[in-house]
Amino acid sequence: MPKDDSIEVLGTVVKVLPATMYRVKLDNGHEVLAHISGKMRKFFIKITTGDKVTLEMSPYDLEKGRIIYRHKGNVPQPLQDGPGSSSSNGSR
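Sequential numbering from 1 applies to the sequence shown in our numbering.
Just so you know, the hints here were simulated from the structure itself, not pulled from any lab data. Please note that the accuracy of each hint is not assured.
To be verified - EDC-like, lysine to aspartate or glutamate: derived pairs with alpha carbons at most 20 Å apart: (1) Lys25 x Glu8; (2) Lys15 x Asp27; (3) Lys52 x Glu8; (4) Lys52 x Asp27.
Everything numeric in this text was worked out from a predicted model, so none of it was measured.
Start from the sequences and build out the full structure, keeping to the hints where you can.
In structure tokens, the structure reads:
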């Protein structure tokens with residue numbers, strides 16, 4: 001499946017399940033089963049109940065997803081425009 005077909009959604013972890021699986025409640029009210037991505041597993045990023053996460057979902061199976069980002073402080077960070085974008089206007 002090409003990565004362009006994936007859907008990114010925000011959600012909150014409501015239950016930690018065995019084998020690095022999680023029950024995540026999406027912002028639209030649906031609950032899905034999710035696992036963590038390989039990079040998160042590689043760098044030992046821990047996810048607990050109540051964490052705000054970004055999920056990547058396939059349009060073919062909307063009941064499962066992959067957690068690709070855990071937001072710090074349980075507050076989602078705004079999406080950045082690109083590598084050269086800056087939020088400051090240059091004034092000091």
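Right, here's what the structure says about each hint:
no.	hint	result
1	Lys25 x Glu8	14 Å, holds
2	Lys15 x Asp27	15 Å, holds
3	Lys52 x Glu8	13 Å, holds
4	Lys52 x Asp27	10 Å, holds
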